[in-house]
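Modelling step: build the complete structure from the supplied sequences, incorporating the hints.
Residue numbering for the sequence shown follows UniProt numbering, starting at 1 and increasing by one per position.
Keep in mind that the hints were calculated from the coordinates and are not lab data. Incorrect hints may have been included.
Listed next, the in silico SDA-like pairs over lysine to any residue satisfying Cα-Cα at most 20 Å (straight line) [what the hints assert, rightly or not]:
#1 K38 <-> E79
#2 K136 <-> V20
#3 K38 <-> G110
#4 K108 <-> L138
#5 K38 <-> V85
#6 K38 <-> M87
#7 K136 <-> Q76
#8 K38 <-> E126
#9 K136 <-> Q68
#10 K38 <-> D109
#11 K38 <-> L132
#12 K38 <-> R120
#13 K38 <-> E123
#14 K38 <-> R105
#15 K38 <-> H101
#16 K38 <-> R118
#17 K38 <-> A86
#18 K136 <-> M87
#19 K38 <-> P17
#20 K38 <-> L138
#21 K108 <-> A80
#22 K136 <-> A72
#23 K136 <-> A57
#24 K38 <-> Q68
#25 K38 <-> E128
#26 K108 <-> E75
#27 K136 <-> S69
#28 K108 <-> P124
#29 K38 <-> L78
Beta-carbon label-pair distances, calculated as ranges [claimed, not checked]:
#30 D25 <-> A86: 17 to 27 Å
#31 R105 <-> F64: 11 to 21 Å
#32 E15 <-> N88: 36 to 46 Å
#33 P117 <-> Q93: 10 to 20 Å
#34 E79 <-> D122: 11 to 21 Å
Cβ coordinates follow ideal geometry from the N, Cα and C atoms, glycine included.
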Amino acid sequence: MPAGECLFCAIGTGEQPGHVVLSDDVAVAFLDTRPVFKGHVLVAPRTHVETLTDLPAPLTGPFFGRVQSVAAAVEQGLEAGGTFVAMNNRISQSVPHLHVHVVPRNPKDGLRGFFWPRTRYDEPAEAESYALRIRKALGPDP
1 MPAGECLFCA IGTGEQPGHV VLSDDVAVAF LDTRPVFKGH VLVAPRTHVE
51 TLTDLPAPLT GPFFGRVQSV AAAVEQGLEA GGTFVAMNNR ISQSVPHLHV
101 HVVPRNPKDG LRGFFWPRTR YDEPAEAESY ALRIRKALGP DP
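As structure tokens, then:
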């Protein structure tokens, strides 16, 4: 699928704007525009695949290594108590490109079960400040 037809591919190539926190040959990670909590990151494989079962086996380990790094960076960079890491396959997948949600969590933050209330950043500068904190926590070579 050409990048112009997939929002996440277009963010990965820079054709669409996004607050990118990680970008390499394996994955691109960027802030969700409708986060559960501010700092909610989506990690997507660089290669366009629709679901987990479509991800080539040789990319599985490297991709989930990036998810693991982003989860650690969200906790460290945002001083979160933990993270909620989740993925949908087809059902509830608003963009048909595999992506893993990494949501910052804290005790008594109000998230219950699979009810995901959404919020918005007040302005692009606020979103970028969250992305910067996560990028810094990832270090120079995530």
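Please name the hints from earlier in the document that this structure breaks, with their numbers sorted from lowest to highest. Hints 4, 18, 23, 28 and 32 contradicted; others consistent.
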